[in-house]
Amino acid sequence: MLIGAIVAGVVFGLYYTLVGLGLNLVFGVMRIVNLAHGDFLMLGGISAWFLFTSFGLNPFVSVGLVVVVFLLVGLPIYYLVVPRLLRSRDSEMLSLILFFGISQMIEAVTTIGLGATERSLPPRLLGVGPMVILGTRLPKAWIFSAAASAIAVLLVYVYLYRTRLGTLTRAVMVSREEALATGIDVNFVSAVAFGVSLALAGVAGVFAPFILGSITPNMGVAINITAFAVIVVGTLGNPLGTLLGGIIYGVSLMLMQTYLSSWANLLPNLLLIAVLLIRPEGILGRKTRRA
Amino acid sequence: MKSKLLAVGMLLAAGSVQAQPSAPAEIKVGALYASSGPYASISMPVFDGFKLWVDQVNAGGGVEVKAFGKKIPLKLIAYDDQSSTATAATLYNQLITQDHVDLLIADSGSVLTSVGVPIAKEHKQFLFDVSGTGAAFFTDDNPYVALMADPVSTIWPHYISDFLGDEGAKAGIKTVAILYSTNDFTGTQAAALKGFFERDGKVKVVYYQGVPTSTSNYTVLINNIAALNPDAVLELGYVGNDIAFLRNLQDSGNQFKFVFSIYAGTEKEEIEKNVGVSALTNIYSYVPPSNYVYKPEVGMTQQEFHAAWDKKYPPGSGVAFGANAVYGYMTGLVVEQTLATTKSLDQMDIHNAVFALSGKLKTLDGTFELRKDGAQIGEVTPLGQLQPAGKDELNLIAVYPPDLANGKAVIGK
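In the order they appear, the protein sequences are chains E and D.
Using the working numbering, read the first sequence as starting at 1 and increasing by one per residue.
Using the working numbering, read the second sequence as starting at 292 and increasing by one per residue.
With the rest of the complex left out, here is chain E:
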C-alpha cells in the first residue's frame, strides 16, 4: 500500500504541478495572485468538452487549440487589468479582491450558460485500462495526463531558461523596477507571462476530466486552494519549486487517503500551515526564488 500510494502520488503530483505552475508564474513576474486561475482551468475543461462533443476532437488536439486561444486571450486581459492594479498602493492585496471577483463572474456566467451539472470526456479517449508501475495499477489516463504535465513543465523551463524572452521574464521576476530602468518592455514580457499562465491553466483543464472525474462551474475555488498550497510549499515566485510542491502534495494526499482518509481534504491547509510555520520562504527558499 505504501509504495502504491507513493507512486500514485508522484503521478498525481505531476498534474498538480501543472495546475500550480501558471499561478506561480504570474506571482513571480507580477507579484499578484490570480484567484481566478482555477476558473480558467475549468474553462479549459469546458473547451475540451465542447470541442469533443461538437467536433469530435481528441483532447490531445484540443490542447493545441486551447494553448493558442488562452494565450491570446491572456494578452488583452493583462492590459485591461494588471497595469492599473500594479499602479495601486497594495497590488498584492487588491489582486486578491479583483481576481476573486473575476472568479465569481466566470463561475456565474458558466453556470447560467451551461447549467451546474457535471461534464466529462469519455475515458477511452486517453485509453481504457491500467498501466502497472512498480506493481501499482494506475489509469492510462493518469499516465498520459502526467506526461502532458511533464512536457508542459519542460516547455516552461525552456521558455524561462533557453529563450531571450525567458531571460527578460526572469529579469522582471528579479526586479520589475530595474528591468524597466534597463529598457525592457516590462508590460509586454508580463503580458506574455500572463498569457502563458492562462494557457497552462487551460491545458490542466483539458486533462481535468481524466484526473478529477468531471468538470463543474464551481470547481475553481477548490482548485485554487490546492494550487496555492502547492506553490507556497514549493516557494512562491519560483516556477521550478512548483514541481517539488506538486509532488509533495500528490504523495501526501495519497498517503492521507490510504491511512487517514476521512481527513484528506484538510491536507492543503495542513501543508500551508506547516510550511508557513517551519519554512515560510518555501522548501526551495530564497536562494532560488529570484530565478
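These aren't lab readings, by the way, just hints derived from the structure by calculation.
Please note that a few of the clues may not be correct.
[To be verified] Pair by pair, the computed Cβ-Cβ distance ranges are:
{"hint": "1", "chain 1": "E", "residue 1": "TRP263", "chain 2": "D", "residue 2": "ALA377", "range": "17 to 27 Å"}
{"hint": "2", "chain 1": "D", "residue 1": "ASP346", "chain 2": "E", "residue 2": "SER54", "range": "27 to 37 Å"}
{"hint": "3", "chain 1": "E", "residue 1": "LEU2", "chain 2": "D", "residue 2": "GLY492", "range": "28 to 38 Å"}
We put the beta carbon where it would ideally sit given N, CA and C, even for glycine.
Place chain D on chain E using the hints.
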C-alpha cells in the same frame, strides 16, 4: 325594531367574519435551491420539478385550499444558497421571519436540509423536507418536519444487505468493502449497512472508510480495497463522487463480483453521460421512481411527468431528468393534498394534514408513509442492476426484493 334587527344582523355578520378569516390573495411558498456548488446537481432537478408543479397549479387557477373553500394562486419565493450551509441557514431564517411564508420547502439532500431542521423547529414552522434523509433530523420532540420523497437513510440500504446475505451469499459473496463520503446522507447509510452486516453475520465487512465529500479521485482507494480482495464493494457518495469512483474503477482494471453506487441508478442519465456505458455495466444501484413504474392515485404517472419535464426542460438544457426531478414534483403533490385538507394555515394544522396523508397518498413515487417522528418509511428503493439492453444501452432492472423485482441479478466479475 328595524334598527334592532339591523344591529343583530351586523353582529352576526361580524361573528361569521371572525369565524371564517378572509382568504389570502396568494399562498406563499418558500424554497431554497443551489444553482452552483457541489449539491447543484441534486438540487436543481428537485427545484425544477417543484417549479413544474407550481406552474401547473397556477395555470389551473391556483391550489384548492380547504380552509378558505376556494382556489388560491401560489407565490413561490425561492433563494439560491449556492450549496453553502451558512447561506442556507440565513435564507431559511429570511423565508420564515422576513417573507413570512405559509409553507417552507427545504433544499435537496441532507447537507442543505441539516441547517433548516433546527431553524424550522425554533420558529415552529413546518418544514417539507424533500430528500434530507439523515436519521438525526427526525426526533419525537420535533413535530415540525416530515420527509417527503425518500426513505430515511437508516432503512434505505437494507435491501442491499438483505440481497448480499441472501442471493449474494449463495453466489459466494462473503466479504464486503464500504467506502463512503463523510456527510449525513451517505454516512448514515454506511453506518446502517455496517450494522446490518454485523447483525446478520453472513457477510464480513473487511474495509470501512470514509472520505471527504469533495474527493475527486479514487485510484489509490480502489487499489487499497483491491489489496484486501473483497467480493463486494459498496461506494456511497454524491454524484461527483460516483462519477470519479466509477471512472477510476474502470481505469484501474480491478473487478469485483458486486459493485454498488447510489447515483448510478438514481441519476442514471447524468452518470451515464459522464462515465459511459461500459463502466456502468452490471453496476448495482437503487431503483428510483424515475426508473420504476408505480401506479399513482394522485398526480401524473411517471411517463406523463417525464413528457412534461422534457417539454418544459428539453434534453440538453442543463438539468437532466432523474429521481430528484420526481422528488421535487412529488413534494408539490404532498403540498397540494395538504392544502386540500388542512383546517387552517397554522403550522400544527399543516403538520396534522401532512401526517393524515400517511399510508393513503399514492403517487409516482410510491406510497407516502410517515413514521410518527416524520421519517419517510413508505417510498421503498428496490435494489437494481444496470444490465445491457442492446448496443450502448443499459436498463436499470429491479432485482431485489423478489416481490418488486422485474429481472434477475447477474453476480460475478
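Quick rundown of the hints versus the structure:
1. Range check, TRP263/E to ALA377/D: about 22 Å between beta-carbon atoms, so the 17 to 27 Å window is met.
2. Separated by about 32 Å at the C-beta atoms, ASP346/D and SER54/E satisfy the suggested range of 27 to 37 Å.
3. Separated by about 33 Å at the C-beta atoms, LEU2/E and GLY492/D satisfy the suggested range of 28 to 38 Å.
Every hint from the earlier list agrees with this structure, and none is contradicted.
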